[in-house]
Amino acid sequence: MATRKPKKTTSKTRQSGRTPKSKSSVPPPDAPPRIARVAKGKKPQYFSDPAIDKLLWMTVTLMEELSVTRDRLDTVERLLTKKRVLKATEVDLWRPDPKSAVQRDVRRKAFVDRMMRAVHAELDEVLRGNHRGAEDDPVAAVES
Amino acid sequence: MKGFKQHALLPTPQHDEQARQDFVGALRGHLSGRVMPGNYQLFERRVAPRFAAEHGRPPGEEQEIRDWMTREPYYQFWSALQRRSQELLWESVIDPTEREWSELIQRARGGKSTKASKRGSLRLNPSLTVPRYHAAADIHLQPGGYHTDFTSDDIAAGAIYDKGINLYMGGALGSENDLMGNTLLAYLRERHPSHQPKRILDLGCAIGNSTVVWARAFPKAEVHGIDIGAPVLRYAHARAEALGAAVHFSQQNAEGTDFADESFDLVISHIVLHETSKSALVRILAECRRLLKPGGLMLHLEIPRGRTPIEKFMHNWESYNNNETFSRYMTRIDLPAEARKAGFAADEISLEEFVPKMDVAQMNYTQHFFWKILVGHKHGAA
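Chains as they are written, first to last, in this note's numbering: chain B, 1 to 144; chain Z, 1001 to 1382.
In short, the hints are calculated from the structure, not lab data.
Honestly, I wouldn't trust all of these hints.
Some chain B residues near chain Z, calculated using beta-carbon distances under 7 Å [what the hints assert, rightly or not]: (1) Phe-47; (2) Leu-55; (3) Met-58.
Derived list of chain Z stretches under chain B, where covered just means 3 residues or more per stretch with a C-beta under 8 Å from a C-beta of chain B [claimed, not checked]: (4) 1083 to 1096; (5) 1151 to 1160; (6) 1188 to 1197; (7) 1263 to 1269; (8) 1288 to 1299.
Note that the coordinates shown come from a computational prediction; the quantities given were computed from them, not determined experimentally.
The beta-carbon is built from N, C-alpha and C at its ideal position, and this holds for glycine as well.
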């Protein structure tokens, strides 16, 4: 990477670039160049368990996308208000009718269930482990 | 961020790209304003007393503080969040840059939209070897660093750096990222008011954000900027032309340039020395002395590295977590002694602290800020 030199190709084709980070997945020769997204260098570990590092990494990424989504929703509401599709307070004062309330309730519960699966999984494993027969062990199943 | 001047070489973020940059700004503002100071409180209230109880003395060395602080969950969380915010910072700038990449390159090449009358120049050297201290790890976690060309005639590293450092300091670097240039210029005007340079060299100029300040301040001077990175220099040249400043950029290593002996009366750098290496530092200072005319001035603006052990530890977060590898050595280095090794006489060298009358709003690792300036005043007629 250090001695990477600009290659002489025309601006229109721009086929020379290849992100130096993606050694494992080399793009096809006609793929457009990409700018690297990962910095070269040692990645520190902050917590005793690297899983915590990964979880926090993911959490901040989720924070960002939630912030972006709220901004986008705000933009949409403001545009709709400006174009007189919505009144300024219409979203805040809106209440679902009984049918849509039920639909939203189902979707919301499913979302909570999905998010909480990580918590349930631990107990499930303990409980299932008590009753598990040898035939439930996939490794044992394929080794027989 | 607030008041950042949009120019022809910067991409215009779309809605969600802007929202990501805004989030990064909010997160980093919270981390520097609300979370970072807690590390000092944690140290004073918990870590230092416990250390003292165990050892019968306060922690002395920065390394002792490191051993204890890195075990503290509060510090671990701040560090992990600070690191992630830095990665997100670059990602949020890379996306719009990549989307407008080909247009930005066209504009940098001096397409039809740009005036034909060039003020400055650009001289690249494709055979220049990028020094190991830049090639080994991407400084500040900017993917590809200052030097990687991802395509031909690339300027991406420059565009990414320009907006990136604006976000990094929460806009505190000024509308044209000119705070460092203005600071060093203020120092010169305050402490050496009669110095009127005719030829100025800016070392490690990157996108020329400081170099342009000097070109404007001394319009009759011939101003040069050098860096090891081709993409930042292409960007620097196009940016300076777009801003109407005359700067001659060339791709050179400051450890050994092709300029003639005694050809500059002002050699400067802006927070560059701590991105080099032990041996490169001495070579750069020796090169400065070679290039200076008798009576010429060398001014290196440097980031302070803290006074107390805990401040030093906090400043060195960048070294261990943000690929500023050499900066941990800079904490211990005696800069005037290095300058003497490089050939300066003892009475030619001084290390000064300078607090300009400027507002530095957001500090990532400390709440007490001052600049350090390594000054070399070569003997001879001024």
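Hints and how they fare:
no.	hint	result
1	Phe-47	6 Å, holds
2	Leu-55	10 Å, violated
3	Met-58	10 Å, violated
4	1083 to 1096	holds (count 8)
5	1151 to 1160	holds (count 6)
6	1188 to 1197	violated (count 0)
7	1263 to 1269	violated (count 0)
8	1288 to 1299	violated (count 0)
Hint compliance for this structure: hints 2, 3, 6, 7, 8 are not met, and every other hint is.
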